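Student: These protein sequence lines are chains A and B, in that order. Throughout the first sequence, residue numbering follows the numbering used here, covering 1 to 738 in sequence. Throughout the second sequence, residue numbering follows the numbering used here, covering 1001 to 1159 in sequence.
No lab work stands behind these hints, which were simulated from the structure alone. This structure is a prediction, so every number in the text was calculated from the model and none was measured. Worth double-checking, as some hints may not be accurate.
To be verified - Listed next, the in silico EDC-like pairs over lysine to aspartate or glutamate satisfying Cα-Cα at most 20 Å (straight line):
{"#": "1", "chain 1": "B", "residue 1": "K1092", "chain 2": "A", "residue 2": "E213"}
{"#": "2", "chain 1": "A", "residue 1": "K696", "chain 2": "A", "residue 2": "D678"}
{"#": "3", "chain 1": "A", "residue 1": "K341", "chain 2": "A", "residue 2": "D543"}
{"#": "4", "chain 1": "B", "residue 1": "K1041", "chain 2": "A", "residue 2": "D543"}
{"#": "5", "chain 1": "A", "residue 1": "K257", "chain 2": "B", "residue 2": "E1029"}
{"#": "6", "chain 1": "A", "residue 1": "K303", "chain 2": "A", "residue 2": "E665"}
{"#": "7", "chain 1": "A", "residue 1": "K292", "chain 2": "B", "residue 2": "D1019"}
{"#": "8", "chain 1": "B", "residue 1": "K1041", "chain 2": "A", "residue 2": "E689"}
{"#": "9", "chain 1": "A", "residue 1": "K589", "chain 2": "A", "residue 2": "D678"}
{"#": "10", "chain 1": "A", "residue 1": "K626", "chain 2": "B", "residue 2": "E1029"}
{"#": "11", "chain 1": "A", "residue 1": "K626", "chain 2": "B", "residue 2": "D1122"}
{"#": "12", "chain 1": "A", "residue 1": "K579", "chain 2": "A", "residue 2": "E689"}
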Amino acid sequence: MSHEQTAAGLTRRTVLKASLLAGGGLALDALILFPAGVLEAMEGRSVVPAQLSAFVSIAPDGIVTIVSKNPEIGQGIKTSLPMMVADELDCDWSQVRIAQADVDHQRYGEQSAGGSTSTPKNWLPMRQTGAAARAMLVQAAAMKWHVDAGELSTTKGRIFHRATGRSVSYGEVASVAATLAPPDLETVPLKEPGQFTIIGRSLVGIDSARIVEGQPIFGVDTRLPGMLYAVYEVAPAHGGRLGKADIEAAKSSLGVKHVVPIIGNGDADTGLADGVAIVASNWWLANQARSKLAVDWDLSAAKGHSSSVYRAKADAAIAAGTGTDLRLDGDPAAKLASSAKRISARYDYPFIAHAPMEPQNCTARYIEGRLEIWAPSQTPQRGLETLHNALGVAPDAVTLHLTRAGGGFGRRLMNDYMVQAAAIAKAVPGVPIQLIWSREDDIRRDYFRPGGWHSFEAGIGANGELVAFSDHFVTFGDGKTPARAAGFNVTMPPAGLIQHLHYSQSMLPTVVTTGALRAPGSNALCFASQSFLDEVALAAGTDLPKLMLSLLGERRGTVAPDNRSPSFDTGRARDVVEKVVQTSGWTQKPTERGRAKGFAFYFSHRGYFAEVVEASVSRGDVTVHKVWVAGDVGSQIVNPMGAENQVRGAVIDGLAQALTGQAIEFIDGAVQQSNFHDFPLARIPMTPEIEIAWVKSDKPPTGLGEPALPPVIPALTNAIFAATGTRIRSLPVRLTTA
Amino acid sequence: MPYRLNINGVIRRVHVPPDMPLLWVLRNELGLVGTKFGCGKGLCGACTVHVDGAARLSCQLPVSSVGHANIRTIEHIGGTAIGARLQQAWLKIDVMQCGYCQAGQIMSACALLGRTPQPNTDQIDSAMAGNICRCGCYNRIRSAIRIAAGMEEETGRVA
């Protein structure tokens, strides 16, 4: 029985609902229509209302259960968002239990992991919800003791009345609190940062103890009675369609229960790719049976989609001129022509794969028109839409459970594996199906970080100042819109920092699926632009930190001309540049031959990061000795334990992109790499010491999944130049052994 | 084919083809899902188990080759002194991000400390080089192994 009370004094933007827990206690459900557009306001954008919610309950035994609504992909959000609630609730962390929410837009609003947005979007609402619950508990105690709530204080889940020495636990008054009207979230008092008892503490991840014991927690660990395992064979080249399929031999293979050819919705990019499903009692048996399939694929759409062709077309596009204007400030052509010194260079980088350690997988069961799904997805709600489009199953006919994901890095923003599992389950109604991709499937059928080419030119004045800058970017797209995650960023420095600047773009069509990879856009643009600016700095007789500081100039906020990108604060940028110059001892150069430091700065996903890499090169082998990181993600690091791990991981990820030889190549749409032998990831011996310095500005906290990655790549390649005189203008790094 | 396997001190009977890798016997036949599938080619170490105390890649180990060897998996590693110390060290500095590879990491670390109780960094790197952590938790993996080995933690810094 739930005793509902509608809150008095609510602003029209907030819905806070208190109810009595079954068995007694307080349940507080907060659906917050994000009023001030905190994120947008921080970025100087127009306000778009968004929904957020939190759910907290307090049982009579004092146990506080906080629902974690967002997907946990290793970024630590399942621990850090509840920390915000628990701190303002003023309970003890040991009282807190965390429950993973199922997908339910009506109840929880947006549920996603991407773009480093969870922290900035939730920082205020999570705290307000905790504070509201605390206020209700205090009010309940005041009623019990017939005193004024203002005379009461709280600590570690107890309420105290100092004057009389009485105290009561939250659990004891929770049922009474459930009958009260929740306070106005907008005016409920919040703690001062100095009063935090949980936020800012290094806390161990909420699932860590289960992980070290090997308990079932990931998507691929889902087990259901009668469950069968599936593989999904798709075309060997991107854009391929299913023709005639001879499935008899596979059908009679050991352990195989079903073989099902599936015609997709013709939209492999956002829907369901054609394929043949093999369902068996054991995944290995299903995978073995793939070799017995005889399928004719129509690969005509993929013809000519080869890396060498793309390269030649990019060369031609650059030779042909400047492409379509993206941003034209002042008169860069004239300024380039009249500048004292003019330099130009071309940069490029390859397609790369995400390769999270847990292969793509999803478990699905289809019974009488209803789907039940267990998925490690970063965007489960978008998955519901895709299911609707591709299979005609309406969102209200789907129950979607979120599992912990063994890494995301942007790969699981796409839900292709979810739709495939659902399509297979629909073909064998009543049987739970677990689809697991092989690593080869994962490498070949990724939504790759797209490759790109840049043709830069810079004009340097008589006093060594940068007077004009241009970049002609060649990317992938249909001619009007760039492919997913293949767009440019017109705020890329030095845009906004100099008067004469030209950014332009050309596009090449592709059948290859592309997508966001950790710090999308920035992970590539930063390498190209900060490397070229290093060239500019040296040509101007200075170094990159000094050049960046002179470009940044006075402390000021600049709003991006597209009015969509986050606003950029030159003061915060200056602070991280100066900080890393200091912590790394930038001015002291290594004396050893072939060893040097490199620097880079970038602003992405609301985070300001400057990084210095010290590396040495011997016989073509690069050793990274140390990386210094200075980052500003606002006033408060929520969980330093997790935050430092995110930064270290981003640094190692970036170093791997540059140094392990990561490149995905195509011949007629077919990916040439297949597993970790030819798409290598970082391994422990290449791990450098990483020193992190937080620069704490007075701004609200922002996310850390992404912004530490981009600068480490050009910081490394700039160090390689300083050590060897060889400028790295193409990723991955390939040095001759001479 | 019928097989009797000695897994975590218990005899388990399975009927599977002789070339089925131990990984898929553990995960799909016996419900021991702590041992992870990462690459299927012996390249990533996520599937590491102990066979008579030695770290082995279960995705490359046909069930017919196991015989009566003692197989130990992550589910049971806390029952060994070194395994329990490693689990505590892993939690002390919260090594993991996504956590998917950590079972394999702990199994490899456990085999290392079994033969080299006080490894130096080179020995750690060499023993752990077969275990990929895509999240890049390597600094903390080194530290946690040193903590479990009772060696002094690097001063002033976790990781």
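Student: What are the numbers of the hints the structure violates, in ascending order?
Tutor: 2, 4, 8, 9 and 10
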